[in-house]
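Novice: So the sequence lines, in the order shown, correspond to chains A and B. Numbering-wise, our numbering puts 85 at position 81 of the first sequence, and it's gapless, one number per residue. Numbering-wise, our numbering puts 41 at position 44 of the second sequence, and it's gapless, one number per residue.
Source of the hints: derived by calculation from the structure; they are not laboratory data. The beta carbon of each residue, even a glycine, is placed where N, CA and C say it ideally should be. Accuracy of the hints is not assured; some may be wrong.
Restraint-style ranges between C-beta atoms, simulated for each label pair [to be verified]: (1) K64(B) - G124(A): 44 to 52 Å; (2) T104(B) - G9(A): 51 to 59 Å; (3) S190(B) - I114(A): 45 to 53 Å; (4) L211(A) - T184(B): 47 to 55 Å; (5) G173(A) - P221(B): 31 to 39 Å; (6) Y57(B) - I114(A): 22 to 30 Å; (7) G173(A) - T104(B): 45 to 53 Å; (8) P81(B) - A26(A): 33 to 41 Å; (9) K236(B) - N287(A): 41 to 49 Å; (10) D281(B) - G173(A): 44 to 52 Å; (11) P81(B) - L28(A): 44 to 52 Å; (12) N246(B) - L21(A): 22 to 30 Å.
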Amino acid sequence: MGSSGTFELRRGRRKKLGAVMAGLFFVATVFGLLVLVALLVDVAIQAAPWLDVSFLSQMPSRMPERAGIWPAIVGSLWLMGLTGLMAVPLGVASALYLEEYAPEGWLLQIIQINIANLAGVPSVIYGILGLAIFVRFVALGSSVIAGAMTLSLLILPIIIISTQEALRGIPSGIRGAAFALGATRSQVIWSHVLPAAAPGIMTGVILSLSRAIGETAPLIMVGAAGMVVAPNSVLDPFTVLPIQIFNWTARPQDEFQGLAAAAIVVLMILLFTMNLSAILLRNYFEGRRAGGG
Amino acid sequence: MTDNSQTPDSRVDTDQSVPDATNGTADQPRRAAKVSNDADATTGEEVRPKLRIGDLNFWYGDTHALKGITMDIAPNEVTALIGPSGCGKSTLLRCMNRMNELIQGTTMDGQVMLDGQDIYEKEADPVMVRRRVGMVFQKPNPFPKTIYKNVAWGAKINGYTGDVEALVERSLRQAALWDEVKDRLHTPAYDLSGGQQQRLCIARTLAVEPDVVLMDEPASALDPIATSKVEETITELKKDYTIVIVTHNMQQASRISDRTAFLYMGRLIEMNRTDQLFTRPQKDRTEAYVTGRFG
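Turn these sequences into a full structure, and let the hints guide you.
Specialist: Set out below in structure tokens:
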């Protein structure tokens, strides 16, 4: 109308460009998936001859045909349980304080930046810290609890950050409505903020525990051994699946490579089960929210 | 300046709500207000303001959002706050139940007296203030719970000992929602339409039995039919409650309110009985706004 320019619509070119982009994104996705599938298939093929009940239920051994991963499975479960018990309440409580209570200001900013930095610190550094503090200073020795404390430190920043994200994602109207009814801050948090944030918090917990179950370096630092019996108490020495895998792959014999592959499959199944149950739990929470439980 | 609010015989002072209208032009509306007060006060006693706001200033950081607001809110009336966007009407509303202090970096001075008690004095508990001065928000914001729990929660946390089911029914009836939801009280509130959700939010507010209900543009997110339902509800409610409503919609203000306050740039320009303010505004700026010449 009023303008002096013309519109060169070039519909064909724009459509073609769009199609090329869509194709590129698809290839990127397929590439990642293919590599993952190839890895899994390779591991599964190597592992197949070794995977049986006795492999799961026996002790590690110098003789490949008698070697098993029972202590490592139990150790990993102990470690995950303890780490979750310590890191989740601590992380969620910290996030609640930072988001709902802490006064804004430079101090909060500094804390915030540091938490983000801590999430990126290499895990071996946490191992050194765990060795110095929990193993030596607190004198817990190379025990499950020392390992769990170390891993808790490692995943704490991830839990805090993801919980904060979840808290920020809650529609602010819900908080306002609750306050306007004469609720105290803790009533608002328990009745509305935490239930609404639960699915987001669960996602963070899943991600961080998945990271923790695959950690090797910090546990080697705190002294998780390769050849021990399954722990019976929090003060017992322990080993975990990644360390068992690491030890076996370090050996030259082919049989041990097969054993390592079998242990990897077990670790993957454990991880998958853990994630699946967490996702189911999360969906349950989400359903309760929508359904208004 | 709030000292004289306690004197029972402060008839001359009852309408301090027009701070800028100092000369003779203010006399007429004052007389009108007095006449209606006398009509209300059948027992012969002076009607005391439910809320009395004295020289209220409010800042968001360095932004001076409210500048020396002084006004009285009469009991069992609907008071409308009107004015262009950013004039401070929502801020003023939120000062009346201490919701503003949930925002960090804000400061205020002045008084807000509820039944003669300063809600900002040291001993006053904001939690208790908000129970007595409820609030309905612009966007319907039911909790992600069932209809029943939305209404019952406020009573529960405030330690209500009576029959909660009866309270839920009464509140939903007061909000003119009962007939629409009585068969599905235990279904999610999110399944309701926008207008129903807003009436649910009104019911939720009423369930804690407040004295005053603040409403921040309660119908602005609703269609005309839902709006008229909410307006009917508001008109019903003033029998039992004192209502302060912020609205952008001048027709709405003239339909439902008894008094209207016009705010501009953080100042109270004029406050009067609604019919007076719309038909015979005392200030040029008010006239320009209510006739649609600016805003």
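Novice: Each hint: holds or not?
Specialist: Hints, one by one, checked against the model:
1. K64(B) - G124(A): 44 to 52 Å: Check passed, 48 Å falls within 44 to 52 Å.
2. T104(B) - G9(A): 51 to 59 Å: holds (52 Å)
3. S190(B) - I114(A): 45 to 53 Å: At 47 Å between Cβs, range holds.
4. L211(A) - T184(B): 47 to 55 Å: Taking Cβ atoms as reference, L211(A) and T184(B) lie about 34 Å apart, which means the hint is violated.
5. G173(A) - P221(B): 31 to 39 Å: holds (33 Å)
6. Y57(B) - I114(A): 22 to 30 Å: Holds - the Cβ-Cβ distance for Y57(B) and I114(A), about 24 Å, lies within 22 to 30 Å.
7. G173(A) - T104(B): 45 to 53 Å: With Cβ atoms ~29 Å apart, the hint is violated.
8. P81(B) - A26(A): 33 to 41 Å: Given about 47 Å between the Cβ atoms, the range is violated.
9. K236(B) - N287(A): 41 to 49 Å: holds (47 Å)
10. D281(B) - G173(A): 44 to 52 Å: holds (47 Å)
11. P81(B) - L28(A): 44 to 52 Å: Since P81(B) and L28(A) have Cβ atoms about 50 Å apart, the given range 44 to 52 Å holds.
12. N246(B) - L21(A): 22 to 30 Å: violated (47 Å)
Violation of the numbered hints given earlier is confined to hints 4, 7, 8 and 12; the remaining hints are satisfied by the structure.
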